[in-house]
Amino acid sequence: MVRWCLVAMLPMFAVLSIGHSIDAAESAAAGDVAAELQSFLRQHCVACHGADVQESDLRLDTLSGDPLNPDVEEIWTNVLARIAHGEMPPRGEPRPEARSLEQAVAALQRSLADAARRTAHLKPGRGPRRLNRVEYENSVNALLGTDLPLASMLPEDGLADGFDKVGRALNISPVQVERYMEAADVALTEAMTARPKVPLTARRYNLWDDSGIARRTFTKNGVWAENDDAVLAFYTNDKFFNVVTFNAPVRGKYRIRVSAYGTLMGEGAKRSQSPVQLAIHGGAFRTTNRVSHLVGFFSTKWEEPQVFEAVDLLEAGHSFKLTIAGRPPYTFYADQFVGPALAIEWFEIEGPLEDGLSERQQALVYDGVDPRQGTPGDARRLLHQFAERAFRRPTTVADIARYQAVMDAQFAAGATFQAALKVGMKTILCAPEFLFVDRDAANDGLGQADDYAIASRLSYFFWSAPPDAELLAAAKSGRLKNADERRSQVERMLADGRASFFTRHFLDHWLDLKKIDFTTPDKELYPEFDEPLRDAMVRETRAFFDDLVQSDGSVLNFIDSDYAMLNERLARHYGIEGVRGDDIRKVSLPPGCVRGGVLTQASVLKVTADGTVTSPVLRGVWLLDRVLGRPVPPPPPGVPGVEPDIRGATTIREQLAKHRQSESCAGCHSRIDPPGFALESFDPIGGARETYRVVDPQKPGLMVDGKRVKYSHGRAVEAGDEMSDGRTFADVREFRRLLLAEPRPIAENVAAKLLTYALGRELDAADHEEIREIVERLEPRSYRLRSMIKELAAGDVFVGR
Amino acid sequence: MSAPPRRFLGICHSLGFYAPNLFPVKAGRDYELTPYLKLIERHRERFTICSGVSHPEVDGGHFSEASFLTTAPHPKSSSFKNTISLDQYIVERTAPATRFPFLALATARGTMSWTSGGVPIPSENSPSAVFKKLFVEGTPEEAAEQVHKLDTGRSVLDAVLEQTRRMHKSLDAGDRDKLDQYMTAVRDVEGRLQSAQAWVKRSKPKVDAPIPADNPIEADVTGRGRLLFDLVQLAFSTDSTRVVTISMDAAGPGLHPLPGVKTGHHNLSHHGLDDAKLAELRLIEEAQMHMYGHLLDKLHGATEQGGTLLDRTAVVFGSNLGNASSHDTRNMPIFLAGGGFRHGQHLSFDRTNNYPLANAYVSILQRMGIETDRFGSASATMRGLEPTTDT
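From first to last, the protein sequence lines stand for chains G and A. Our numbering puts the first residue of the first sequence at 1, with every later residue one more than the last. Our numbering puts the first residue of the second sequence at 1001, with every later residue one more than the last.
Derived from the structure by calculation, the hints contain no laboratory data. Keep in mind the model is a prediction, meaning the values are calculated, not measured. Just to be clear, a hint being listed does not mean it is correct.
[What the hints assert, rightly or not] Taking CB as the label site, the calculated pair distances span:
| no. | chain 1 | residue 1 | chain 2 | residue 2 | range |
| --- | --- | --- | --- | --- | --- |
| 1 | G | Gly497 | A | Asp1172 | 35 to 43 Å |
| 2 | G | Ala409 | A | Glu1145 | 16 to 24 Å |
| 3 | G | Arg42 | A | Arg1351 | 42 to 50 Å |
| 4 | G | Arg271 | A | Lys1038 | 52 to 60 Å |
| 5 | A | Pro1035 | G | Gln550 | 38 to 46 Å |
| 6 | G | Thr193 | A | Arg1202 | 27 to 35 Å |
| 7 | G | Glu742 | A | Arg1187 | 51 to 59 Å |
| 8 | G | Asp796 | A | Asp1172 | 13 to 21 Å |
| 9 | G | Glu491 | A | Arg1374 | 54 to 62 Å |
| 10 | G | Pro249 | A | Asp1151 | 29 to 37 Å |
| 11 | G | Pro249 | A | Glu1145 | 23 to 31 Å |
[Claimed, not checked] List time: in silico BS3-like cross-link candidates among lysine-lysine, alpha-carbon distance up to 30 Å:
| no. | chain 1 | residue 1 | chain 2 | residue 2 |
| --- | --- | --- | --- | --- |
| 12 | A | Lys1076 | G | Lys514 |
| 13 | G | Lys270 | G | Lys515 |
| 14 | G | Lys710 | A | Lys1262 |
| 15 | G | Lys515 | A | Lys1298 |
| 16 | G | Lys514 | A | Lys1262 |
| 17 | G | Lys197 | A | Lys1149 |
| 18 | A | Lys1298 | G | Lys123 |
| 19 | A | Lys1262 | G | Lys515 |
| 20 | A | Lys1081 | G | Lys514 |
| 21 | A | Lys1169 | G | Lys476 |
| 22 | A | Lys1169 | G | Lys481 |
| 23 | A | Lys1132 | A | Lys1206 |
| 24 | G | Lys707 | A | Lys1149 |
| 25 | G | Lys699 | A | Lys1262 |
| 26 | A | Lys1262 | G | Lys523 |
| 27 | A | Lys1206 | A | Lys1298 |
| 28 | A | Lys1076 | G | Lys515 |
| 29 | A | Lys1149 | G | Lys123 |
| 30 | G | Lys123 | A | Lys1081 |
[Claimed, not checked] Sample of chain G residues facing chain A (criterion: CB under 7 Å; computed from the structure):
| no. | residue |
| --- | --- |
| 31 | Gly167 |
| 32 | Glu178 |
| 33 | Met181 |
| 34 | Ala431 |
Cβ atoms here follow ideal geometry from the backbone N, Cα and C, with glycine treated the same way.
Chain A on its own, in the form it takes in the complex (with noise of 0.2 Å):
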């Protein structure tokens, strides 16, 4: 039996964390537990926390977000293109033959799942679609009609495709670029639609699992966050799909439903040192650290083949800001875990002059069986993650 496939869980949170709770002072595996990392030392051997690492040039605040899994420089400026994201650089050279090749996903909105074009690919957000899309199986005619939407869909796209090669054909050299991003869709919607085609007439997994009810309240991103991760988890042991993204949004209004919180998380994360604020926004952050501890406990508890589901997938978590209160995008949080690396340790680089967070990006790649030693702005593997023995 072949070794369980590896597998890749991407997680953006938009409003950072506030560092003195979070980073040790101590480098290396003995670091001190801080008040946050405290919340999951029941999983301290299975994930890495990284402080000192950005990705370079990446600046604008909020809109650092972009390049989260890119590593795009300057997000922000006026003539800013975005680039493959790491998700769908795996996709592309893995080509998973499962029945989705990625989820993007998000509490709220926004993607951390960009093309190789630098075409943001919209998430989805709802828990309870997802998971019919993944296990249930409509009726007969919904069976039906769908076989008819695939079949016709491809004979639309066939035509559309041809005649915006006429179009394109007509146009100056400057003036195509719009069009090249519409026939690259089109023939990426008509592969899927073949390869939905042959999946379509296969029954779906059977989980042991009702369908979530969504979470209808915006700001409860920690909440919303946990029936994504069951949901992931569902996704992998079935082998659906290896490669996910979460966008986690913060930013929106309304008030996140936890008992003490008063104020928006958004305006919580510019507290201005405020220590009512603080201690506001200190509930928030701890919610979010079990929501964390909930993800390792739900990977790591899953089995396959002797050994866990963790084991395989490549986790990367944390947030493009380092703090949001001045919007600085330098120090990011950012935790690693699972995915066939030695974890239990902090990784400690300079904080006022950043390591390239991307070399962890080209770690993973590696131990995805990708060989490449470039990935975005990174140049070589990420100094002090060594990978497991397994294979």
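Same shape as in the complex, but just chain G (with noise of 0.2 Å):
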């Protein structure tokens, strides 16, 4: 429910008469829409909001038109949206006439795209933002050669409108000030500082030789077995498999190649219908503050050993860790395993490989200056050279004359050459023309940003990271501004490794996937979650984005696609047969298959659900917020959620049922509710069901692949329902299709999701004018998402303040 916060100064038409120019016959056609808005409202709205009754405390007879009151503006354009998704008049009122409603619509987006335009100027959030904490973690590494985790020093960057890219909520607290110089610190001196030579040293771990080997290679206390040739890995565990006699000498990468197959322990043991996996993990597994990354996921073949490579950044001190994956403990106790189990004949430790890193850092910071015998000149060009790239733009000796000083001031005080370079780098890296992107693009009168700045936005957008060589060399030629360069940088960008940066940024923004590990899933309900799984969900949407961007297919697939990106483990969990492999592919559906889409894929159900159960009403917000573009303001203050009872007295259907029949409720419910409930028959961890799945100690859990589990089948669920606006759909099937009967919004809903995070702002109604037009002139109906990308790269918006 919307807080109507009234402030009746001016008349309802002031809203429509303000955003126009004096010319007197633009005046007087604007006069004409402004006319036939008025007569709509008083037509079909002002009896409910009007002089006489409120409903919903609103008014919009005397409503003002005062377009700097943010809530002015948020009133009329929740009217807007009311009306314009027929959502009023309510139903039981005599519907508009359709073209009445279109010319209503039309005239108030353009009110209110003529209002943000004229005062955009002097509304926050344009201004410069700060880089986010892995742009941050890029733009360092790009200008020091380093591949240092920066980010991990920083605080965690504030969300708006859901992107971690918005600069309101990029605050600056003193903590972050620290951390920035923390960083730098960190990030100069390894850059500054020659790596030792380590020379390249390879071993080999034979686990069959009887010696005891893998007793002083695993963990003292480790459970597994051992046969003839191999050591035997029976259940996933965090600890034992971790290689203790292996300690990384220096930060750098190494090779690890593992010999293995599945084999089976115990008497009468089968095989599995998924092959066994090993799953490698890097890190320090033993010191109190662990940390562990994914190195990767290989399935092995029965009784027929192969070798598995791997190449990984390892810490200094750090380690790989070996074991089966995806299977829970079942008994601690070898002999009384009965199942396949992985079993590992030996592996090969090399490194650290030779990268050339430390070379490649040497020659950016130093630029063949001799660190040793370097003089305050030296220094100073070399200043000069990284401020420039470091500014991301032309840079004068006199821009920087204030932060050489205090490079000139620690020679003066007798420092060598490389502790005073070190401290006029830092103060380089903790200056605002670095650390703030945005910073000159409104100040050329024309509210255009200027080449350079349109160059940082660009290549922040697709790789999360500075402009390269060849953007900056458009920037100086003045292309930039020519949107059919833009579009040729935007092919070119699209095209580079780096652009998995938006890939991978975009979506755990847009679709959350980066809450994918915010809730565990209970073991008993869910014992069928494990890493792969979770691995494989992820990657499924990443590779469907990447495919849609690369093929340049339709937005539309993110509704319904009659494909799906998946691996061997993910086909198992959707129950689609044929799949095998850890590879993620292109897989055609089968006929009445209920997936297809974003809205089916199990990262995004599972990220919508707490790890037991699903709630109708979070995903139902989630979806109109993300997909359909409509976000939902949280329940008045007052009204508590509804009491959630599992106990099976009332189902959630019922009391939702209850809550639609209150008026104040039903506004926003009867949105809400369908699309959660279309989405019920899909589990917390994305799995299909058609009962909900329950514990209850009176009955024997089922039986699943030949194991008992602990649940049974609860109450069945009903996925169907009606739309706010009287369509009723039976299942998530019917409910996509309805969707699909209006592609424009969900079209224009990615296109906005796509601006906030390229401007790193939030989007006023010139912006979605603007979106309108460009979805407007997109290839008819198809909604191709790289075409869409490019021309909101190519637009006016994008270049503006």
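Join these two chains into a complex; the hints should help.
Spelled out as structure tokens, the structure:
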């Protein structure tokens, strides 16, 4: 529910006139539009939102049109949305004639857009924004040639409109500044100090050797079995299979090769349908502040050894861990275990591999100057070069005079070349010219960003990184103001490996993939959830997006597609036959399959549920905001949430039905609940279901894949409902068809999310107008994703303030 | 000898308490013990349990954590702008001459501390790191390095501030807000570096305690909480700081290692009144009560000038959620302890029409000698919370 804030100062039509120029002809035309809208409001709205009655405390006939008052703007925006989506006038009232509705909507859109354009320069949120921590990390690493995980040194970034790119939420606390100083120290120390040459070593661990090598190699009290030629891991354990006899001597890349196969342990063991997987992790497993990252999963063959190889970046002192993937503990006693196991014959670790990184860093920082013999003159030249790259635009000596003075003072105080240069460079890394983007975006009097600001916008959009030489060259020659040039830059940038940052970061926020680990599925209800599944879920959604970008597919595939991006583990989760192996690939969905589009992807279904239960309200709210672009305001103060009662006395459907009978709740819940119910066909880990799972001590658990599980069938899922406009659906397939019946808002929403991400600010009515135009211009009805991205980057808003 | 300093400790855990196990029915001093209150009965005279309190217009479920010490309305709305938190307000007005003006701590992540510009102050979550910062002297080389960093750090920031000011002038008024924040932050850090330069030359206080080992299990909020509480007592006893906040975020993944707990705390908090879940939840919530009991043990057990640390330390602990199962922010479970108030009572307010919790914050501010009758949504002191007679 919106809290209508009534500031009845100006008559309603003020909002209509305010946006228009004083040109007489235009003014007359505007007057016509205003008159039409006014008559629409009078005819359809004022009876309930007027002088006599004020439903929901909203009065329209005296509502101010002050475009600088955010409350008023919000009200008109809401009025527009409710009318445009056919929710107002409410059902039961006479429907406005289609043409007059269309005109009223267009008139209101135009007024709001005009007002937004005229007031843009007065509103906060469009000035320089600081880099977020991923952008910071990439920027420092690009400057210094390092590959340091600096983001983890910085505080988490705030979100606005779901994104961590929006200036309004990218705050700067004193702690932030302190961490910038620390991160700069760490990065400069790494880059300025030549890495000691560590000779490459390779060591092979033959585990079939019965000299007790396994016990020396892995944690002493580990649990495993041994056969004639291998060590057998039979359940996934965090502790046992880390390699304790190896510690990376320095930070660097290391190659690990493992010879492994799947085998069976115990009397009567049977091969599982899926192959046994080897999981390799890197990290520090024995310290109190344990860190671990996945290197990869590798599917083995039954009884046929195969060598798996991976290269991974390890911190000094870190090691590898080898385990069987996705097998929860079944017994801790090897002699009692019956089932598939992972046999590891031997493994080999080699490294640090020569990567030339240290040399590149030295070249970037010192540019050929010998740091033992450098002069203050050399230091000034190097500092200037460094600043110009750091600031992402031409920089004169005068521009950095104040920074150079800090370095000069160090020399004057007797500092060495290296120490003085380091302080100078640290100043650059703490400078606002480095930390803020878009700082010179608005000073040409035309409200256009300059070429260098455009270059940064493009590079932080697609790479989360600073512009490369080619973008800077394009900026220098003044080409980036040209829309075609931007289109071809987008093509080039999307083809670059760094574009993976776009996919990852955009989806982390648009579809909340960053929340994939926020909840742990209940082990009794969802015993099939394991790490390979979790990993495949995220990869599916990213691959789906990448594929749409690369093939320039329609964004409507986000709602429904006749294919999915699967590997074997995920296909098994979805009940789809015939997919083998760990690689994600495009798979045509069988006819009648419930999957298709992102709404049925396990990742999305997991992040929109808690680990135990699903809530139609949470998923409904999420879908309206992220997919339809129609966020729901939070419940009004004083209205408690439904006290969830899962004891079976009442179902969530019955409780929500009560909600929808209450008029004050119905306004929003008639919109929220239907999509939520459509997704009730999927459990918290994205499995399709027809009944809810329950753990009932009175009932025996079901048999699944030959194993007894704790859960049994509960009540049946009812996924059908009625939309707020009266259309009904029986299940998620029909629901998706209803969504697709109105494709425009879906395409416009994708464009709006992309543009928010690209611009780093919240959008206003003028931006939405451009989005409507761009979507309109896209090849008729195809709404192709890469074309859309290109047109957004080519559009006027992209180069505006 | 002057009286010991007044201090503040604010703690928020993120998932509330199951209300029927916590709140007594009877108001006043002879309230009946509930299952949870029984666990800290030994401190009965030293705390007040408040029911029927919340922050008006603070909704938004888990998002309301942000407003626990600030009271800023509608933390989930898109136009939300936070305000200064109680701890920072105290720091600004009392300017304590301690090595650390405040500590913002957390068991895992999140923060309770917000600047006057509404910017979150990131927390620290490693007891060993904080312990070292407070009590462990570096090697001579580290100390020299530290001095060098403080010296150069100030000149770096001087230059940055000057340049930012110049950039600031070139911008339209509407575009300046983030640079304003940056300048404020840089100035603040300059001040910190300056006072750090004075402190770096003075030796750190010696305490009779080993460096704590960090608890690796993120979901073990009570285990981690105890480590932080031990640290807070040491920090207060040595007057290293007088203001501490602790965020206890249990909404993350992972299992609490308590025997009998098989489900994540966040999942359990959405118990839906299911008996099995409530039983498991109770295990965790009882551990939390024991943890708070441990806090009161520590603060009451440490004496100074004839009194106890607790006498001079105003403690607020509780949760931003009244009912985590429905994300309801009304009827927050709130404990007040120490700080020079007459405790030993159940302050019972209207559970339908809640009493503003921030009034308690005003009581605390006044007790700390800060003359104000307003803070956030408060306009008065808390009804029924009476100061003791000491000064």
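Do the hints match the structure? See the list:
1. G/Gly497 with A/Asp1172: 35 to 43 Å: Since G/Gly497 and A/Asp1172 have Cβ atoms about 38 Å apart, the given range 35 to 43 Å holds.
2. G/Ala409 with A/Glu1145: 16 to 24 Å: holds, 19 Å
3. G/Arg42 with A/Arg1351: 42 to 50 Å: Check passed, 45 Å falls within 42 to 50 Å.
4. G/Arg271 with A/Lys1038: 52 to 60 Å: holds, 55 Å
5. A/Pro1035 with G/Gln550: 38 to 46 Å: Violated: the Cβ-Cβ distance is about 59 Å, outside 38 to 46 Å.
6. G/Thr193 with A/Arg1202: 27 to 35 Å: holds, 32 Å
7. G/Glu742 with A/Arg1187: 51 to 59 Å: With Cβ atoms ~52 Å apart, the hint holds.
8. G/Asp796 with A/Asp1172: 13 to 21 Å: Given about 19 Å between the Cβ atoms, the range holds.
9. G/Glu491 with A/Arg1374: 54 to 62 Å: holds, 58 Å
10. G/Pro249 with A/Asp1151: 29 to 37 Å: holds, 34 Å
11. G/Pro249 with A/Glu1145: 23 to 31 Å: holds, 24 Å
12. A/Lys1076 with G/Lys514: Satisfied, since the Cα-Cα distance of roughly 19 Å is no more than 30 Å.
13. G/Lys270 with G/Lys515: violated, 37 Å
14. G/Lys710 with A/Lys1262: holds, 13 Å
15. G/Lys515 with A/Lys1298: Cα-Cα ~37 Å, so violated.
16. G/Lys514 with A/Lys1262: Answer holds: G/Lys514 to A/Lys1262 is near 25 Å, not above 30 Å.
17. G/Lys197 with A/Lys1149: Status holds; Cα separation ~29 Å.
18. A/Lys1298 with G/Lys123: violated, 51 Å
19. A/Lys1262 with G/Lys515: holds, 22 Å
20. A/Lys1081 with G/Lys514: holds, 24 Å
21. A/Lys1169 with G/Lys476: With Cα atoms ~26 Å apart, A/Lys1169 and G/Lys476 stay inside 30 Å; holds.
22. A/Lys1169 with G/Lys481: holds, 26 Å
23. A/Lys1132 with A/Lys1206: Given that 30 Å is the threshold and the Cα spacing comes to 11 Å, the pair holds.
24. G/Lys707 with A/Lys1149: Roughly 62 Å between the alpha carbons, so the hint for G/Lys707 and A/Lys1149 is violated.
25. G/Lys699 with A/Lys1262: holds, 19 Å
26. A/Lys1262 with G/Lys523: Between A/Lys1262 and G/Lys523 the Cα gap is close to 8 Å, so the pair holds against 30 Å.
27. A/Lys1206 with A/Lys1298: holds, 18 Å
28. A/Lys1076 with G/Lys515: Given pair A/Lys1076, G/Lys515 holds - Cα atoms ~17 Å apart, limit 30 Å.
29. A/Lys1149 with G/Lys123: Given pair A/Lys1149, G/Lys123 is violated - Cα atoms ~39 Å apart, limit 30 Å.
30. G/Lys123 with A/Lys1081: Given pair G/Lys123, A/Lys1081 holds - Cα atoms ~15 Å apart, limit 30 Å.
31. Gly167: holds, 6 Å
32. Glu178: holds, 6 Å
33. Met181: Since chain A brings a Cβ to about 6 Å from G/Met181, closer than 7 Å, the hint holds.
34. Ala431: holds, 6 Å
Of the numbered hints given earlier, the model fails hints 5, 13, 15, 18, 24 and 29; all others are met.
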